[in-house]
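Asker: Sequence:
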Amino acid sequence: ANVAMQQRVGVPSLLVSDEEAFKSQIEAAKGAVDMVQLDLADGKFVPNTTWPYQNPDEAQKYIDIDFELHLMVSDPVKTLEPWKDNPRLKRILFHYEAVKDVNLTIRQLGNLDKDIGIVLNPKTPVDSLGPFLKSVPCVMFMGVEPGFQGQAFIPETLDRLKELKAKAPAMFVE
Numbered sequence: 217a218n219v220a221m222q223q224r225v226g227v228p229s230l231l232v233s234d235e236e237a238f239k240s241q242i243e244a245a246k247g248a249v250d251m252v253q254l255d256l257a258d259g260k261f262v263p264n265t266t267w268p269y270q271n272p273d274e275a276q277k278y279i280d281i282d283f284e285l286h287l288m289v290s291d292p293v294k295t296l297e298p299w300k301d302n303p304r305l306k307r308i309l310f311h312y313e314a315v316k317d318v319n320l321t322i323r324q325l326g327n328l329d330k331d332i333g334i335v336l337n338p339k340t341p342v343d344s345l346g347p348f349l350k351s352v353p354c355v356m357f358m359g360v361e362p363g364f365q366g367q368a369f370i371p372e373t374l375d376r377l378k379e380l381k382a383k384a385p386a387m388f389v390e
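The opening position of the sequence shown corresponds to residue 217 in my numbering, with each subsequent residue numbered one higher.
Keep in mind that a hint or two might mislead.
To be verified - DSSO-like cross-link-like pairs, simulated, lysine-lysine; straight-line CA separation at most 30 Å:
(1) Lys316 to Lys383
(2) Lys381 to Lys316
(3) Lys350 to Lys316
(4) Lys350 to Lys378
(5) Lys260 to Lys239
(6) Lys277 to Lys300
(7) Lys316 to Lys260
(8) Lys316 to Lys294
(9) Lys350 to Lys383
(10) Lys339 to Lys350
(11) Lys350 to Lys381
(12) Lys239 to Lys294
(13) Lys316 to Lys300
(14) Lys339 to Lys381
(15) Lys350 to Lys294
(16) Lys246 to Lys316
Said to hold, decoys possible - Derived Cβ-Cβ restraints for the label pairs, each shown as a range:
(17) Pro298 to Val249: 19 to 29 Å
(18) Thr373 to Val249: 20 to 30 Å
(19) Glu236 to Lys339: 31 to 41 Å
(20) Glu235 to Pro385: 24 to 34 Å
(21) Ala382 to Tyr312: 11 to 21 Å
None of these hints come from the bench; they were simulated from the model. Quick reminder that beta carbons are idealized off the backbone N, C-alpha and C, glycines included.
My request is simple: use the sequences and hints to build the entire structure.
Answerer: Shown next, in the form of C-alpha cells:
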C-alpha cells in the first residue's frame, strides 16, 4: 500500500456526531483534497462517540474519496471489521495507549494491505515508539487530547515531532 509516502497534502479530519454533518463534510472535502481522515470514537477510549463509528455501513455509502481511519477506540481490530474491505480505505491509525500489545495489533491490522500508523496522545513519550518504528510507515501525534474538536493546540507537540524526525527522518508524520 504505502500511501503514507505518497500523501503529501493535508488530510482534513472529520469528527462528527450525526449523518448530516458527515455528508456535508465529505462533500466539502471532495475536489479540495485527495483524502480525508474519519475519526471513529467509541465512548470508551474517548468519552464521546462519532456517527461513522455507530453506523459504519451507512457511513460508507457516502464515502467516494480515499480515506484513513483514526481509531480512537478501545478495540481497533474489532472496530475495523466493517471497514476493512472498503477499497477507498488507505491508512489505519490506532492509538498506542488503546492496546495491550502494539506488535500484535500491527500484525493483525497489517494483514489488510493498508498502511498502518501509530497515534500517540500528548502525554505519551516519543520513546514509546522505539520498538515499532520499523514496523509502521506512519506516526500521528495528537496536538490535543483525543475525542473533541475545538481544543487549543498543545505547542509541545512540535517538539515531539522533531524528536521523532531526529530518530526516523523518513517517517511520514501527521
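Asker: Work down the list of hints and note, for each, if the structure agrees.
Answerer: Structure-based check of each hint:
{"no.": "1", "hint": "Lys316 to Lys383", "in the structure": "holds, 24 Å"}
{"no.": "2", "hint": "Lys381 to Lys316", "in the structure": "holds, 25 Å"}
{"no.": "3", "hint": "Lys350 to Lys316", "in the structure": "holds, 19 Å"}
{"no.": "4", "hint": "Lys350 to Lys378", "in the structure": "holds, 18 Å"}
{"no.": "5", "hint": "Lys260 to Lys239", "in the structure": "holds, 25 Å"}
{"no.": "6", "hint": "Lys277 to Lys300", "in the structure": "holds, 14 Å"}
{"no.": "7", "hint": "Lys316 to Lys260", "in the structure": "holds, 15 Å"}
{"no.": "8", "hint": "Lys316 to Lys294", "in the structure": "holds, 14 Å"}
{"no.": "9", "hint": "Lys350 to Lys383", "in the structure": "holds, 11 Å"}
{"no.": "10", "hint": "Lys339 to Lys350", "in the structure": "holds, 22 Å"}
{"no.": "11", "hint": "Lys350 to Lys381", "in the structure": "holds, 13 Å"}
{"no.": "12", "hint": "Lys239 to Lys294", "in the structure": "holds, 24 Å"}
{"no.": "13", "hint": "Lys316 to Lys300", "in the structure": "holds, 21 Å"}
{"no.": "14", "hint": "Lys339 to Lys381", "in the structure": "holds, 18 Å"}
{"no.": "15", "hint": "Lys350 to Lys294", "in the structure": "holds, 24 Å"}
{"no.": "16", "hint": "Lys246 to Lys316", "in the structure": "violated, 36 Å"}
{"no.": "17", "hint": "Pro298 to Val249: 19 to 29 Å", "in the structure": "holds, 24 Å"}
{"no.": "18", "hint": "Thr373 to Val249: 20 to 30 Å", "in the structure": "holds, 22 Å"}
{"no.": "19", "hint": "Glu236 to Lys339: 31 to 41 Å", "in the structure": "holds, 34 Å"}
{"no.": "20", "hint": "Glu235 to Pro385: 24 to 34 Å", "in the structure": "violated, 42 Å"}
{"no.": "21", "hint": "Ala382 to Tyr312: 11 to 21 Å", "in the structure": "holds, 19 Å"}
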